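Chemist: Sequence:
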Amino acid sequence: MNIATLKNLIQTTPWFSTLGQPYRPKEKVISVSGEQWTPFISALTEAEFGLLHDRIALETFPFADFDWLPTTIYDDDPVHKERLVEKARLEGREKDFKAVRVEIFRLTQVALRSASAHPLLVVGPTDTTGAARGGALFACRAAAAELLVDQPGFWCDIILLYHAGHWPFGRMKSGEVVIL
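According to this note's numbering, the residues represented by the sequence shown are 5 to 184, in order.
Just to be clear, a hint being listed does not mean it is correct.
Straight-line alpha carbon distances no greater than 30 Å define the calculated DSS-like cross-link-like pairs of lysine-lysine that follow [to be verified]:
#1 K30 <-> K177
#2 K91 <-> K102
#3 K32 <-> K99
#4 K102 <-> K11
#5 K30 <-> K11
#6 K91 <-> K11
By construction, these hints were calculated from the structure, which means they are not laboratory data. These figures come from a predicted structure and were not determined experimentally.
Working from the sequences, and respecting the hints, build out all of it.
Modeler: So this is what it looks like as C-alpha coordinates:
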(Lines of atoms letter the chains of each structure in order from A and count residues from 1; the text may use other names and numbers.)
(Lines give C-alpha, C1' and ligand atoms only; values in the text may rest on other atoms or scores of the structure.)
Protein backbone atom coordinates (compact mmCIF):
# COMPACT_ATOMS: atom_id res chain seq x y z
CA MET A 1 0.00 0.00 0.00
CA ASN A 2 1.12 3.57 -0.63
CA ILE A 3 -0.45 7.00 -0.02
CA ALA A 4 -2.23 6.97 -3.39
CA THR A 5 -3.73 3.55 -2.61
CA LEU A 6 -4.79 4.75 0.83
CA LYS A 7 -6.52 7.78 -0.69
CA ASN A 8 -8.35 5.54 -3.15
CA LEU A 9 -9.44 3.17 -0.37
CA ILE A 10 -10.75 6.08 1.70
CA GLN A 11 -12.74 7.47 -1.22
CA THR A 12 -14.24 4.09 -2.19
CA THR A 13 -14.99 2.66 1.25
CA PRO A 14 -18.63 1.74 1.90
CA TRP A 15 -18.35 3.04 5.48
CA PHE A 16 -20.11 0.85 8.08
CA SER A 17 -22.23 -0.88 5.44
CA THR A 18 -21.65 -4.48 6.59
CA LEU A 19 -21.76 -4.07 10.36
CA GLY A 20 -22.69 -7.28 12.16
CA GLN A 21 -22.13 -9.44 9.09
CA PRO A 22 -19.41 -12.13 8.96
CA TYR A 23 -15.99 -11.10 7.73
CA ARG A 24 -13.76 -13.35 5.69
CA PRO A 25 -10.89 -14.04 5.97
CA LYS A 26 -11.12 -14.36 9.73
CA GLU A 27 -7.41 -14.73 10.51
CA LYS A 28 -6.53 -12.45 13.43
CA VAL A 29 -10.05 -10.99 13.36
CA ILE A 30 -13.01 -11.65 15.65
CA SER A 31 -16.20 -10.78 13.81
CA VAL A 32 -19.05 -9.77 16.12
CA SER A 33 -22.54 -10.42 14.81
CA GLY A 34 -25.46 -8.07 15.27
CA GLU A 35 -27.06 -10.68 17.56
CA GLN A 36 -23.99 -10.52 19.82
CA TRP A 37 -23.46 -6.76 19.62
CA THR A 38 -26.91 -5.58 20.73
CA PRO A 39 -27.00 -7.43 24.09
CA PHE A 40 -23.30 -6.71 24.66
CA ILE A 41 -23.58 -2.96 24.17
CA SER A 42 -26.76 -2.93 26.29
CA ALA A 43 -24.98 -4.79 29.09
CA LEU A 44 -22.03 -2.42 28.78
CA THR A 45 -24.34 0.55 29.24
CA GLU A 46 -26.07 -1.03 32.23
CA ALA A 47 -22.74 -2.04 33.81
CA GLU A 48 -21.78 1.64 33.89
CA PHE A 49 -24.58 2.05 36.41
CA GLY A 50 -23.19 -0.70 38.63
CA LEU A 51 -25.77 -3.40 37.98
CA LEU A 52 -24.06 -6.67 38.94
CA HIS A 53 -26.02 -8.98 36.64
CA ASP A 54 -25.07 -6.82 33.64
CA ARG A 55 -21.39 -6.75 34.58
CA ILE A 56 -21.47 -10.56 34.80
CA ALA A 57 -23.21 -10.69 31.40
CA LEU A 58 -20.28 -8.79 29.91
CA GLU A 59 -17.92 -11.54 31.03
CA THR A 60 -19.86 -14.17 29.11
CA PHE A 61 -19.12 -12.64 25.70
CA PRO A 62 -15.98 -14.23 24.19
CA PHE A 63 -14.87 -10.86 22.86
CA ALA A 64 -15.60 -8.85 26.03
CA ASP A 65 -12.00 -8.63 27.25
CA PHE A 66 -10.78 -6.24 24.57
CA ASP A 67 -9.14 -2.83 24.63
CA TRP A 68 -10.95 -0.17 22.63
CA LEU A 69 -9.09 1.12 19.60
CA PRO A 70 -8.82 4.93 19.52
CA THR A 71 -12.08 6.75 18.82
CA THR A 72 -10.77 10.31 18.51
CA ILE A 73 -7.74 11.82 16.83
CA TYR A 74 -6.61 12.99 20.27
CA ASP A 75 -6.15 9.43 21.54
CA ASP A 76 -2.68 7.92 21.75
CA ASP A 77 -1.60 5.31 19.23
CA PRO A 78 -1.70 2.06 21.23
CA VAL A 79 0.40 0.26 18.61
CA HIS A 80 3.22 2.62 17.70
CA LYS A 81 3.08 5.10 20.58
CA GLU A 82 5.38 7.93 19.41
CA ARG A 83 7.72 5.77 17.28
CA LEU A 84 6.36 6.92 13.91
CA VAL A 85 6.62 10.59 14.87
CA GLU A 86 10.15 10.00 16.11
CA LYS A 87 11.14 8.20 12.91
CA ALA A 88 9.79 11.07 10.81
CA ARG A 89 11.68 13.54 13.00
CA LEU A 90 14.94 11.58 12.70
CA GLU A 91 14.51 11.43 8.91
CA GLY A 92 13.87 15.18 8.75
CA ARG A 93 10.36 14.60 7.40
CA GLU A 94 8.30 16.28 10.10
CA LYS A 95 6.65 18.75 7.69
CA ASP A 96 5.73 15.97 5.25
CA PHE A 97 4.52 13.81 8.13
CA LYS A 98 2.17 16.50 9.39
CA ALA A 99 1.00 17.56 5.90
CA VAL A 100 0.12 14.01 4.81
CA ARG A 101 -1.76 13.28 8.03
CA VAL A 102 -3.78 16.50 7.70
CA GLU A 103 -4.54 15.76 4.03
CA ILE A 104 -5.69 12.20 4.83
CA PHE A 105 -7.74 13.42 7.80
CA ARG A 106 -9.59 15.93 5.62
CA LEU A 107 -10.12 13.39 2.85
CA THR A 108 -11.55 10.95 5.39
CA GLN A 109 -13.87 13.60 6.83
CA VAL A 110 -15.30 14.21 3.37
CA ALA A 111 -15.60 10.47 2.64
CA LEU A 112 -17.42 9.83 5.92
CA ARG A 113 -20.15 12.26 4.90
CA SER A 114 -21.47 9.56 2.59
CA ALA A 115 -21.79 7.07 5.46
CA SER A 116 -25.43 6.46 6.25
CA ALA A 117 -26.61 5.73 9.77
CA HIS A 118 -26.53 2.07 10.72
CA PRO A 119 -28.98 0.68 13.29
CA LEU A 120 -26.25 -1.32 15.09
CA LEU A 121 -24.45 1.91 15.96
CA VAL A 122 -27.44 3.03 18.04
CA VAL A 123 -28.55 0.53 20.68
CA GLY A 124 -31.03 1.90 23.18
CA PRO A 125 -29.59 5.11 24.63
CA THR A 126 -26.08 4.29 23.40
CA ASP A 127 -25.03 5.90 20.12
CA THR A 128 -21.59 4.73 18.97
CA THR A 129 -21.76 6.53 15.62
CA GLY A 130 -19.33 9.22 16.77
CA ALA A 131 -16.91 6.62 18.11
CA ALA A 132 -17.04 4.67 14.84
CA ARG A 133 -16.41 7.79 12.76
CA GLY A 134 -13.69 8.97 15.11
CA GLY A 135 -12.05 5.57 14.92
CA ALA A 136 -12.05 5.76 11.13
CA LEU A 137 -10.45 9.21 11.21
CA PHE A 138 -7.77 8.01 13.62
CA ALA A 139 -7.07 4.83 11.63
CA CYS A 140 -6.72 6.62 8.29
CA ARG A 141 -4.38 9.21 9.78
CA ALA A 142 -2.33 6.50 11.49
CA ALA A 143 -2.14 4.47 8.27
CA ALA A 144 -0.83 7.56 6.48
CA ALA A 145 1.82 7.91 9.19
CA GLU A 146 2.87 4.27 8.72
CA LEU A 147 3.15 4.75 4.98
CA LEU A 148 5.09 8.00 5.18
CA VAL A 149 7.85 6.36 7.24
CA ASP A 150 7.75 3.18 5.13
CA GLN A 151 6.36 0.98 7.90
CA PRO A 152 2.94 -0.19 6.69
CA GLY A 153 1.44 -2.47 9.30
CA PHE A 154 -1.37 -2.56 11.83
CA TRP A 155 -3.24 0.60 10.75
CA CYS A 156 -2.96 -0.18 7.04
CA ASP A 157 -4.55 -3.57 7.82
CA ILE A 158 -7.28 -1.82 9.82
CA ILE A 159 -8.12 0.34 6.79
CA LEU A 160 -8.86 -2.84 4.83
CA LEU A 161 -11.41 -3.81 7.51
CA TYR A 162 -13.08 -0.41 7.19
CA HIS A 163 -12.98 -0.82 3.42
CA ALA A 164 -14.92 -4.09 3.84
CA GLY A 165 -17.67 -2.05 5.55
CA HIS A 166 -16.86 -3.01 9.16
CA TRP A 167 -15.94 -1.08 12.29
CA PRO A 168 -12.73 -2.40 13.89
CA PHE A 169 -13.39 -1.24 17.44
CA GLY A 170 -11.14 -3.28 19.68
CA ARG A 171 -8.11 -5.46 20.10
CA MET A 172 -7.76 -8.55 22.25
CA LYS A 173 -4.69 -9.18 24.41
CA SER A 174 -3.81 -11.92 21.87
CA GLY A 175 -3.59 -9.26 19.13
CA GLU A 176 -6.81 -10.22 17.36
CA VAL A 177 -8.87 -7.27 16.14
CA VAL A 178 -12.56 -7.21 17.11
CA ILE A 179 -14.89 -5.87 14.42
CA LEU A 180 -18.58 -5.20 14.14
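Chemist: Now, for every hint given, state plainly whether the structure supports it.
Modeler: Do the hints match the structure? See the list:
no., hint, verdict
1, K30 <-> K177, "holds (17 Å)"
2, K91 <-> K102, "holds (13 Å)"
3, K32 <-> K99, "violated (34 Å)"
4, K102 <-> K11, "holds (16 Å)"
5, K30 <-> K11, "holds (25 Å)"
6, K91 <-> K11, "holds (22 Å)"
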